[in-house]
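J.: For reference, the chains in residue letters:
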Amino acid sequence: MAVEQGRSEVAEGSGGVLTRLGTWTENLSEQAYAYLLLTPAFVVLLLFAFWPLASAIRMSFFADVITGGSLGEFVGVQNYVQLLTNNNALAPAAFVDPSFETPILEQALFMTILFAVLSVTGETLLGFLYAMLMKAEYKGRRLVRLLIILPWAIPIVIQGMIFFLLFRPGYGLLTEPLQQLGIFSSLPLNTTFDSFVIVTVADIWKTSAFMALLILAGLESVNQDLYEVADVMGASRWQRFRYITFPLVFPVLMVAMLFRTMGALRVYGIIESTTVGCSTVPSMTCLVTQMMFGSSTLYGSAAAVSVLIAIVVGLFIMVYLLFIKQSNQSLGLA
Amino acid sequence: MSIDARDHEDAEVFDGSGDDADDEGDNKSRVARWADDWIKNPEKAYAVMLVFLGGVLLTTSLFPLYWLFNVAMAPPGQTDIPLFPATIDLSAFVQVFQQVPFARFMFNSLFYAFTVTVFVLLVGSLAGYAFGRLEFRGKTPLLFSLLVLSFFPPATLFIPLFRAFNQQVPMLGLFTLPVELYGTPGAVVTPLSAFTMPLAIFILTTFYGQIPDGLEEAARVEGTTRIGALFRVIMPLSAPGVATAGILTFITVYTEFFFSYLMTGNSAAEWAPVVDGVLAFQTQYTVRYDLQAAASLIAIVPVAILVVVAQDKIISGLTQGALKE
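Sequences listed follow chains A and B, in order. Numbering-wise (the working numbering), the first sequence opens with residue 1 and increments by one. Numbering-wise (the working numbering), the second sequence opens with residue 1 and increments by one.
So that you can see chain A by itself, here it is in the shape it has in the complex (with noise of 0.2 Å):
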């Protein structure tokens, strides 16, 4: 709070406050100072994200307390095993697909991870396409790069209102003919497979701009030298792409994929907006909010499947990690 002082008189152009902070700040050793520039930060993380994390995992071992406010008794990992284990009377009810015969979780850990890899796998295409596109220089570039950035910026809620006029029967312009094609079923947003597929279009669509974006970053950072150098020694446009583009933009392929796919794991607002509520891609957290708000309030269970996305999450980022460690091996960057 002193500090913020600090800053206002600083835009007032006095210096009280700043100076007699300066001279007690200037009594302290450099260690003291850097926790006192922390404080601020770390206050705030320690209220609403580092208590809330442990009190998530402490929550996941107690019972469900159907009515609320308090917790149930001390379980220890029975919430873990009745999700992995066939329990489908915890789900909530739009969760309970006739179609499906695996146990819920199951059912939901397969969608989010299959989303992942798909819309992962199409954001890399088609990011390094854009950013390919934003890296050229012609007319218009900065157009070009307007109209590629401008989906990422777009709130999920309006992205979900675009796929679902999209594909809503009569509304939408896609859906007939793809019924036609026998590809899709007249209701696509109340089916399983169809709205998967539209999600994860939609969610291709908003954020391979952002993947562009980190790809352009590192194609900037490329030294352009090593072009003229490849020119000399006359390497064609594709040995040109494989020797130097492509080692070089991977580590940050390898990062940008890395942020994408945890993005991925945790898909619930484009799920949300654009089929009917979370019923039709049961995506993991959208488990854990149907969990929470619907007919009867599973903190436990709810927190427990919070947790497995976090546990998710984290096996996938090892797996980045040994990948990107073996293959910067095997190009020779490490």
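Mixed in with the good hints, there may be bad ones.
From chain A, some residues computed to sit far from chain B (all C-beta separations above 12 Å) [what the hints assert, rightly or not]: (1) Phe-74; (2) Tyr-80; (3) Leu-84; (4) Phe-110; (5) Val-144; (6) Phe-246; (7) Ser-273; (8) Ile-317.
Here are the simulated DSSO-like cross-link-like pairs (lysine-lysine), alpha carbons at most 30 Å apart as the crow flies [as the list claims (entries may be wrong)]: (9) Lys-44(B) - Lys-139(A); (10) Lys-139(B) - Lys-325(A); (11) Lys-135(A) - Lys-325(A); (12) Lys-139(B) - Lys-135(A); (13) Lys-139(B) - Lys-139(A); (14) Lys-40(B) - Lys-139(A); (15) Lys-135(A) - Lys-313(B); (16) Lys-135(A) - Lys-44(B).
FYI, nobody ran anything at the bench for these hints, they're computed from the structure. C-beta atoms are modelled at their ideal positions from N, C-alpha and C, and glycine is treated no differently.
Take the given structure of chain A and dock chain B to it, following the hints.
T.: For chain B alone, kept in the frame of chain A given last:
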């Protein structure tokens, strides 16, 4: 995407690119001449392909927005929206504000984005400075804790926070939040600040780390205090990094769905974000899709302006800062 739409729009784009690369020649041999030309000059072929590809990508990227506009033009209740609107009717864009307090919904969302951004930059700058320029014990573990934090999904943090805001569950086991907090900006701004802080701190750390030590030392020799040097020398120099972190935070919060949707009530007076504004045209008996589409387009305007204005900042900020080793 749409097979129809793609075929159609591609055709247009292809014509356009054809005009650019057109040599004066009669129609019969044009294709053959192009082929010859391209084999001789592969660069030209690549350029044409780039334009063509660009056209495809941009139409798939923009078509959904165009469709939204089309739906907004259609009279209420009309289905079978034509590809081109028969008449230009912008009344839906006015009705949006008449039927629900849509301006207030927009204001709420912008308020959240703005407040979170200012707060995160203020607090995050100090932390970014400490991480980027100072040596202290526990630096690596603290940075690592931020990294770990940033990979936890919001759903994990949400349940305890929801209870803390709604059911008077003591935070840290020590104190409870005031009852009145739910349905006020506090219930959205605080968790979203914590949620966006790690990334902002990472970006700022990189930028502060890049400022040469000499500048700060010079200021100190001149007799400025430590804090004085931070505010007078370092912070102005890190302005590009602050701008990038700020823009990313703003866009993240404005587009965010989870906290802003679930932590507020659903009326404008309860500080509901633009999400609820768009859904407000959906009552139990009627749904005005034209108004929802118009409202959606209006809600895009602020971020569209931001992207227009800050386009170069976003690109250069990410290029120079976030990903530089």
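J.: Against this structure, judge whether each hint is valid.
T.: Taking the hints in turn, this is what the structure says about them:
With a least beta-carbon separation of about 16 Å from chain B, Phe-74(A) lies farther than 12 Å from that chain, consistent with its non-interface assignment. Remark: the non-interface label on Tyr-80(A) is consistent with the geometry, its nearest Cβ contact in chain B lying 14 Å away (cut-off 12 Å). The Cβ of Leu-84(A) lies farther than 12 Å from every Cβ of chain B, with a closest approach of about 18 Å, so its non-interface assignment holds. In this structure Phe-110(A) is separated from chain B by more than 12 Å, as the shortest Cβ-Cβ distance comes to about 17 Å.
Listed as a non-interface residue, Val-144(A) fails to keep its Cβ farther than 12 Å from every Cβ of chain B; the least gap is roughly 6 Å. Its beta-carbon lying about 16 Å from the closest one in chain B, Phe-246(A) satisfies the requirement of being farther than 12 Å from that chain. The Cβ of Ser-273(A) does not lie farther than 12 Å from every Cβ of chain B; its closest approach is about 7 Å, which violates its non-interface assignment. Interface exclusion of Ile-317(A) from chain B breaks down, the closest Cβ pair being 6 Å apart, not more than 12 Å.
Proximity of Lys-44(B) to Lys-139(A) is assessed by CA-CA distance (about 15 Å); at most 30 Å being required, the pair is judged to hold. Only pairs whose Cα atoms come within 30 Å are accepted, and Lys-139(B) paired with Lys-325(A) is accepted, the gap being roughly 24 Å. With a C-alpha separation of about 28 Å, the suggested pairing of Lys-135(A) with Lys-325(A) holds against the 30 Å cut-off. Of the pairs offered as hints, the one joining Lys-139(B) and Lys-135(A) is violated, with about 37 Å between alpha carbons and a cut-off of 30 Å exceeded.
About 47 Å separates the Cα atoms of Lys-139(B) and Lys-139(A), which puts this hinted pair outside 30 Å; it is violated. Simply put, Lys-40(B) and Lys-139(A) have alpha-carbon atoms about 24 Å apart, close enough for the 30 Å limit, and the pair holds. Between Lys-135(A) and Lys-313(B) the alpha-carbon distance is near 15 Å, which keeps this suggested pair within the 30 Å criterion. Distance restraint check for Lys-135(A) and Lys-44(B): the Cα-Cα separation of roughly 17 Å lies within the 30 Å cut-off, and the hinted pair is therefore satisfied.
Of the numbered hints given earlier, the model fails hints 5, 7, 8, 12, 13; all others are met.
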